[in-house]
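Protein chains in written order, with our numbering: chain A, 1 to 416; chain B, 1001 to 1302.
Hint data in this document are derived by calculation from the structure and do not stem from the laboratory. Each hint should be verified, as a subset may be incorrect.
To be verified - Which stretches of chain A does chain B cover? Using the computed rule of at least three CB atoms under 8 Å from a CB of chain B, they are:
{"id": "1", "segment": "217-226"}
{"id": "2", "segment": "397-411"}
Unchecked claim - Cut-off 27 Å, straight-line C-alpha distance, at most; resulting in silico cross-link-like pairs (DSSO-like, lysine-lysine):
{"id": "3", "chain 1": "B", "residue 1": "Lys-1111", "chain 2": "A", "residue 2": "Lys-3"}
{"id": "4", "chain 1": "B", "residue 1": "Lys-1262", "chain 2": "A", "residue 2": "Lys-3"}
{"id": "5", "chain 1": "B", "residue 1": "Lys-1064", "chain 2": "A", "residue 2": "Lys-390"}
{"id": "6", "chain 1": "B", "residue 1": "Lys-1204", "chain 2": "A", "residue 2": "Lys-401"}
{"id": "7", "chain 1": "A", "residue 1": "Lys-19", "chain 2": "B", "residue 2": "Lys-1084"}
{"id": "8", "chain 1": "A", "residue 1": "Lys-18", "chain 2": "B", "residue 2": "Lys-1132"}
{"id": "9", "chain 1": "B", "residue 1": "Lys-1300", "chain 2": "A", "residue 2": "Lys-220"}
{"id": "10", "chain 1": "B", "residue 1": "Lys-1064", "chain 2": "A", "residue 2": "Lys-3"}
{"id": "11", "chain 1": "A", "residue 1": "Lys-3", "chain 2": "B", "residue 2": "Lys-1108"}
{"id": "12", "chain 1": "B", "residue 1": "Lys-1204", "chain 2": "A", "residue 2": "Lys-3"}
{"id": "13", "chain 1": "A", "residue 1": "Lys-19", "chain 2": "B", "residue 2": "Lys-1085"}
{"id": "14", "chain 1": "A", "residue 1": "Lys-18", "chain 2": "B", "residue 2": "Lys-1204"}
{"id": "15", "chain 1": "A", "residue 1": "Lys-18", "chain 2": "B", "residue 2": "Lys-1124"}
{"id": "16", "chain 1": "A", "residue 1": "Lys-3", "chain 2": "B", "residue 2": "Lys-1084"}
{"id": "17", "chain 1": "A", "residue 1": "Lys-18", "chain 2": "B", "residue 2": "Lys-1064"}
{"id": "18", "chain 1": "B", "residue 1": "Lys-1064", "chain 2": "A", "residue 2": "Lys-19"}
{"id": "19", "chain 1": "B", "residue 1": "Lys-1262", "chain 2": "A", "residue 2": "Lys-220"}
{"id": "20", "chain 1": "B", "residue 1": "Lys-1204", "chain 2": "A", "residue 2": "Lys-402"}
{"id": "21", "chain 1": "A", "residue 1": "Lys-410", "chain 2": "B", "residue 2": "Lys-1204"}
Glycine included, C-beta positions come from ideal geometry on N, C-alpha and C.
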Amino acid sequence: MNKVLLIIQREYITRVRKKAFIIMIFVVPALIIAMGAVIALIAKNSGELSNQQIVEVVDESGVFAGKFHDIKNLKFLNVGQSLTAVKPEVKKDENTSALLISKDYTKNGAVQIYSKKKPGFALTGEIEKQMNDIAISDNMIKHHIDTAIVRSIKSNISISPIEVTDTGDKEANVGAAVGVGIACAVLIYLALFIYGAQVMRGVIEEKTSRIIEVIISSVKPFQLMLGKIIGVGLVGLTQFAAWIVLSVIATKIAGGAFSSPQGGIMGALAVLQTIHFGFVLICFLFYFLTGYLLYSALFAAVGSAVDSETETQQFMFPITLPLLFTYILSVSVLFQAPDSPLAVWLSIIPFTAPVAMMVRLPFGVPGWQLAISMSLMVIGFLFTTYVAAKIYRVGILMYGKKASYKELAKWFFYKE
Amino acid sequence: MLSIRNIVKQYAGHTALSGVSLEVESGQIFGLLGPNGAGKTSLIRIVNQITAPDSGEVFFNGEKLNQSHIERIGYLPEERGLYKKMEIGEQMIYLARLKGLSRDEAIKRLKIWFQKLGMETWWKMKIEELSKGMQQKAQFVATVLHEPDLIILDEPFSGFDPVNAEIIKDEILELNRKGATILFSTHRMESVEELCDAIALLDKSKKILSGKIRDIKNTYRNNIYIIEYTGEKINFNGAQPFELIDEKAGHENDYTIRIKLKAGSDSNEVLQYLIPKTHITRLQEVIPSMNEIFIEQVNKIA
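Only chain A is shown next, with the shape it has when bound in the complex (with noise of 0.2 Å):
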């Protein structure tokens, strides 16, 4: 066991002190901080005005002058004259710009508006909002109609989903829960590729650097083995514990710097807590360590199989098959019915479970289902790992010669 240790030790090592871990673990959470920036940014551009802007009204109806309300950034003029006299300065200020209304102003094209630039859909949907409300309360006088009445019967309606669970009814957020499920998802996708497939570089590199031998009458095949895939493991955990704490700090700061309490990062925050952070992340965890044993102890088996990275091709294609696979529907189908049963099989297989059951969780996944799951995870990774050891000790001995599936069938029969 002692010799295990020294192996995942060596591999850790060699790999944490790599350049390229150094540079990915400042990258991520910079991409996701500036991809927050971006979004919390277009998020603050479309729904407020970023300045001051003036709208000269000239209202030929005579229903709404007067009756806009100026908001933060926009002020509204009203103005006798006709729109000639106003457009210089339209023309001279870009941001000024005139509203016309004409008389008959429920026709099409009867509203229109004049300024230098391109108005934004911030402030003709803000002038659209308050002229609807206008004119409706305009009609509703010419009805004859109580528009104190109207007023205090008017509501202002969104929808707040409710999930009603055992322990009581919870906010949920349809929104976030696709958003969080998709991100495990594919964030499980790529990690278990990337693992995988360094476990398998390691491998070829110590079959082609013939160190192997070296290395295998010391220890046992099966040590190595489980050493390598350990270490490789570890350093993802590595990767995936600083990239979480680097992101919170982060946003911490980032939340500051573009504080407005409900838009941007720390809305989006405010949102992921309506789902169960913690449980999340944890299932997380255990299918990513599930699943990359399962996956990364074939990576391991197709690696001692080959003498160069260009031959895993025909190996490599039937184990992503299936996690592809997976992939593509969890992006396009899975969430949109998370309890089909194609969802729940997909859940439960544990070729395909990592990622299928991550689009799932948010949503809330029945008990028994992911007690099934998870014990299949379990089954799954010591059969992966039983097969993949014995295809491994006589691979990675094995030079020069074209590995066929046959040949790998044979492998595993091999006596010790």
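Take the given structure of chain A and dock chain B to it, following the hints.
Same frame as chain A, but now just chain B:
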């Protein structure tokens, strides 16, 4: 020291070893000979517990071979290499620790070896920065650093330039003098006669010959002598007490003949016959070289 009993090893399709038995005595330099594909590497891998035999047993100092013996064996495989991107020092410490040395002990011994072989400046270098010969030297140090009782070298001199091969040969001899038993495989005969105390010859998965070099050579003596003389050319007409194999004329009146003794006669009889006729300058028994024995044996089987 090492007792290999009736080892059988089969791979799908072919037999690598069929019932091979060997005895390597403590302190010996033992040569495992045989053409390529004879089963040498398969046997060595079994002794190193890299693979297990289908049947048969190996005893190490009287104990059945087990995991605890790994640390007492040093192995330099034929297919050898080191991690390309790892610093030599770290790498050697790692390999030594896998063989059970502590980190401090490994560093201490490495410093001595590095100094001895002029490798002091290599410590921080990566393998890819070294020449092939330098890599081999480093690898040799890694093999013997844990001071194994049994050193197994598979084709140790392949890949070494003559200078380094000589250095390594001297180191092997010195380790042997200090008590290590050496088992090495080769298909190069020139190194066998000057190094080995005993050999085993494998061919087509079977042992066809084994024993001490001296004993083997004695068995293969076939009463052939080389004689050189100066003077008139002698005409052998069949009346002489030996068989003439061939004769060659040298400078001026020098002649060389090769003869085979008749059964029951000896070299003195030959001399008695020749001395009255000519002036003898040389008489020497032709003892077959290991190379000749090797080729003869392998061809006999084929």
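Practice task
Sort out which numbered hints this structure fails and list those numbers smallest first.
Solution key: Violated hints: 4, 9, 12, 14, 17, 18, 19; rest satisfied.
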